[in-house]
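Visitor: The chain contents come next:
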Amino acid sequence: AKQQAAVQPIELLEDDLDESFVRGSGPGGQKINKTSNRVILIHKPTQLRVECQDTRSLQQNRKIARKRLTEKLDEYINGSQSKLQKKHNKLANKRQRSKTKNRARQRKKQEEKLKKKEQQQPQDDDDEFSTMLS
Amino acid sequence: TVEQAHDFATKLQRRMKHEPIQYILGQWDFLDYTVAIRSPLLCPRPETEELVMMIVNDTTQSPVHILDVGCGTGVIGISLADMLTDATVRAIDIEPVAIQTSNENAKRILGSQTEYRYQATLASAENFSPDRRFDVVVSNPPYIPQLDMKTLSKDVLHFESEQALCGGVDGMDVIRTIIRQLPNWCNPGGICWMEVDPTHPQLIQEWLEDSKSLDLGVKFESSYEDLYGKERFVKLSVQ
Chain A
4 AKQQAAVQPI
14 ELLEDDLDES
24 FVRGSGPGGQ
34 KINKTSNRVI
44 LIHKPTQLRV
54 ECQDTRSLQQ
64 NRKIARKRLT
74 EKLDEYINGS
84 QSKLQKKHNK
94 LANKRQRSKT
104 KNRARQRKKQ
114 EEKLKKKEQQ
124 QPQDDDDEFS
134 TMLS
Chain B
525 TVEQAHDFAT
535 KLQRRMKHEP
545 IQYILGQWDF
555 LDYTVAIRSP
565 LLCPRPETEE
575 LVMMIVNDTT
585 QSPVHILDVG
595 CGTGVIGISL
605 ADMLTDATVR
615 AIDIEPVAIQ
625 TSNENAKRIL
635 GSQTEYRYQA
645 TLASAENFSP
655 DRRFDVVVSN
665 PPYIPQLDMK
675 TLSKDVLHFE
685 SEQALCGGVD
695 GMDVIRTIIR
705 QLPNWCNPGG
715 ICWMEVDPTH
725 PQLIQEWLED
735 SKSLDLGVKF
745 ESSYEDLYGK
755 ERFVKLSVQ
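Protein chains in written order, with the working numbering: chain A, 4 to 137; chain B, 525 to 763.
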């Protein structure tokens, strides 16, 4: 049997991260009311990078950026065995199975249709014949 | 629709006059919550989200009684009430719109049967004499030094309340009032968290560690940087 390389659990260490915000070097705090909440997160060892501006909350965007970077790192390190890839494979397999099932079902339906037609045809002929006879 | 286009055009006009987007939309997000924001209340900044998360991570006491001084839209106290286990929050402000908005936001976020968990009342820090003592006092008080006020951008200066922003000559007026009140407000061992101007942590520490201030009964624990590298938060304790 083919031996797969052990899947490495992915952990994002804060020390490996370079986080920046699009707010510039101004005073900040009460002095500024800018709603820019974009987070840029870089994983220094791999130089993988994500950006997030999904929500209006800076803290939520930081959370989402970390989640995305973890997924990216997972794919990078574990390749075909990353959680994301496994998910895709599961879905692709599911789709393939239901496709096959559908095809089989359609085929069965067609066969039954044909059978019914064949059964009906001879009966009609009989009726006609019997009517003719009576 | 025609109405939507007209509405959008009106809002755009307001924005072009530098009115804060939060006032135009009437709401904005703070952490996981969508909150009503009304003029002339201070629009919550991202630093204040950090303050709340710091307190949540640092507070293990349960039940915990919290006082939010200068509550504004109510975001600090309401977030804490929601995220901490068995927390009750009292909030004060001198602006009536703040009291109305805070209580409204509390109903929205915590639910309508939660008056016992969150209550905002009209009061100033100077004359607030609560009927109970608190474990945590939190505040994002007006902290901008007077001279810095004229350097503010139009959307802040012309629209947000000056009394929510300016803390007097050195920006410390309200901060000093709060610190002096802490022994009256807190249980022994009570903690005070504040968001401040970067010039303040040092001033506060020097003031509290001065021998003349020993009778204040308040200890400087630590200061913390915000995400932009500015010294933005202080943690004090009450003896």
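Since the hints were made in silico from the structure, they are not lab data.
Beta carbons: idealized from backbone N, C-alpha and C, even for Gly.
Check the hints yourself; a few may be wrong.
As the list claims (entries may be wrong) - Pairwise CB distance ranges (calculated):
#, chain 1, residue 1, chain 2, residue 2, range
1, A, Gly29, B, Val621, 43 to 51 Å
2, A, Thr49, B, Asp655, 51 to 59 Å
3, A, Lys89, B, Val580, 29 to 37 Å
4, A, His91, B, Ala529, 41 to 49 Å
Claimed, not checked - These stretches of chain A come out as covered by chain B in the derived footprint (C-beta under 8 Å, 3 or more residues):
#, region
5, 34-43
6, 96-109
Visitor: Determine for every hint whether it applies to the structure shown.
Guide: Cross-check of the supplied hints:
For A/Gly29 paired with B/Val621, a C-beta distance near 28 Å fails the hint of 43 to 51 Å. One distance hint, 51 to 59 Å for the beta-carbon pair A/Thr49 and B/Asp655, holds here, with the actual separation near 57 Å. Checking the proposed 29 to 37 Å range against A/Lys89 and B/Val580 shows it holds: the Cβ atoms sit about 34 Å from each other. A hinted range of 41 to 49 Å holds for the C-beta pair A/His91 and B/Ala529, which are about 42 Å apart.
Counting residues of the region 34-43 of chain A whose beta-carbon sits less than 8 Å from any beta-carbon of chain B gives 5, enough to reach three: the coverage restraint holds. Evaluation of the coverage hint for the region 96-109 of chain A: breached, as 0 residues show C-beta separations to chain B shorter than 8 Å, against a requirement of three.
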